[in-house]
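Student: Listed below are the residues making up each chain.
Number of protein chains: 2
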Amino acid sequence: MTKPPGSLGVLEDVAAQLAGIAGNCPAPLPAPAAVAVFAADHGVHAQGVTPWPQEVTAQMVANFLAGGAVVNAFAAQLGADVVVVDVGVATPYAVEQTDRLLRRSVRPGTADLAVGPAMTLDEARRAVEVGIEVATALAADHGCLVSGDMGIANTTASAALICAFTGTPAPAATGRGTGVDDPTLARKVAVVERAVGRLPGRPGTPEEALATLAEVGGLEHAAIAGFVLGAAAARVPVLLDGVIAGSAALVAAALCPTALQYALAGHSSAEPGHAPALRALGLRPLLGLDLRLGEGTGALLALPLVASAARALQDVATFDSAGVTEKN
Amino acid sequence: MTKPPGSLGVLEDVAAQLAGIAGNCPAPLPAPAAVAVFAADHGVHAQGVTPWPQEVTAQMVANFLAGGAVVNAFAAQLGADVVVVDVGVATPYAVEQTDRLLRRSVRPGTADLAVGPAMTLDEARRAVEVGIEVATALAADHGCLVSGDMGIANTTASAALICAFTGTPAPAATGRGTGVDDPTLARKVAVVERAVGRLPGRPGTPEEALATLAEVGGLEHAAIAGFVLGAAAARVPVLLDGVIAGSAALVAAALCPTALQYALAGHSSAEPGHAPALRALGLRPLLGLDLRLGEGTGALLALPLVASAARALQDVATFDSAGVTEKN
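Chains A and B, in that order, are what the protein sequence lines are. Under my numbering, read the first sequence as residues 1 to 328, first letter to last. Under my numbering, read the second sequence as residues 1 to 328, first letter to last.
Don't take each hint at face value.
A pair holds if it fits inside one copy or across any two, identical chains being indistinguishable in the list.
To be verified - Distance condition first, Cα-Cα at most 25 Å in a straight line; then the derived SDA-like pairs of lysine to any residue:
{"#": "1", "residue 1": "K327", "residue 2": "V95"}
{"#": "2", "residue 1": "K327", "residue 2": "A190"}
{"#": "3", "residue 1": "K327", "residue 2": "P4"}
{"#": "4", "residue 1": "K327", "residue 2": "A94"}
{"#": "5", "residue 1": "K327", "residue 2": "A90"}
{"#": "6", "residue 1": "K327", "residue 2": "A233"}
{"#": "7", "residue 1": "K327", "residue 2": "P108"}
{"#": "8", "residue 1": "K327", "residue 2": "E12"}
{"#": "9", "residue 1": "K327", "residue 2": "P5"}
If you're looking for bench data, these hints aren't it; they were derived computationally from the structure.
The whole structure should be built from the sequences, with the hints applied where relevant.
Tutor: Encoded structure:
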């Protein structure tokens, strides 16, 4: 290629990873892309870990379907499809199932992880299977999958998963999410500490990973873990959003370590737990914009970088073909 | 908007800047975009500061016009136009002037800045005027301008400009460019030190800035400084590429400080001089991918971020209109 070796920096790694995923060089363009927004509620909301009312999860599902959210704006700008997957929204909402809204609720929100298991092992497994199913279906006609999430209070479950899987202390993994004040943050840290304290230790086997997920995770975390597994099984790259996806990817990696070879980290979230999660996963985030919105927005923004890396391998002339002299 | 305040991080600053530039909120989308690749040669090539032969500049001009370079691949992927502007290519090449190749050569490469002024004051002024002219013309039918550059040995002139305008010591501002070995890097640092040593001091007035540019700069640096001024005069955002654009923007800021309000830094280059240049300019780079290719590639990659920031302001529903409850 008519460029100095290494001069495309991180994008050279991305291009190599895409070629590895495709088993072909150059890899096909990662297009079209589909972002799956997994939505669910959290019993831990009862602990006052967020200033947002729980019904906002359902209201935002309606907003996604009306095209009014940031993920819709970014998807429109970047040419991606948006699919909403209800894996456990608590508040009823009046939107029918379509191909843009998959109603796959496992239960109407988790139980309160502050006081007991968030869900049963069977519920966790079913939520993972929803993610696998969605990835498999989308991979049939998409070249890139993008993870998204919506769930009021879901950064609490993410922090608990990150502590459980990486050994990070709760204060270092727990953040202000969508913007909580100091007393709320202190409550959130205490809740995470209490929940993680119930666990027998760092999960070492897939069975222990599933048990950890059931104890302190969320339904959308389980589904996104399955989404990563399903993308890998379909040999399609999957772009991860922020701290929710990062914590879910830790579950996926514990269930099947090689699945992460198909994953790229779209961005580094402003949430403090995201960095230790990415370190444990060995993923380098493509963007660092201090985003903390979720919905898949940070992953979507990285999509043009991934597409451009693939495009460079496809289009760029060689020194020979372009008649450009190589360096001495 | 249906998102927590601040949750779009840096993109909220970008959206506000775009609205300020447009004098309207929401700002129009920064589209279509045009990248102007300013190409020129450097007399300092004679000092052995790069392993690439000088004729590569002309060969790459032909490659840009044939669509075979990385900037072409990225522009195709991201929907931008590419215009090549010859402000001083040394080697003759057999491509006619078209609307995609503007032949505006001020002189066939600078003189060797290691031993004397790179160009005369009048040549520097004329190269700046080329940049203003190109920006003015492109702004007539483009919503975003993107700076690009091509010039074998041009990181040497960039390092000298950064030292001259920011006071950074030569070893901290001089890098390996497209990939030079240790002896070449040592020669490069010595050349930069010697050139900057001839200057009377940090430029304080526009006249002194132009004199500094003429003494140690390059023709494409001058043109890109003019490009930034022209974009500002036309009230169009201009996305800066790496260290060449960063050093040129220092010249533009010294000529007219308010012009930088129209500029965004696309990325942080792997070249060490770029960081002190951006600090002096007060610009935060949107991407950090360790790119060091030039051509406008890093700025182009940031274009979807800028467009998405604008798109969010245009499309996203309010809490009221979407029927979403605000936080307590």
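Student: Enumerate the violated hints, using their earlier numbering and listing them in ascending order.
Tutor: 6
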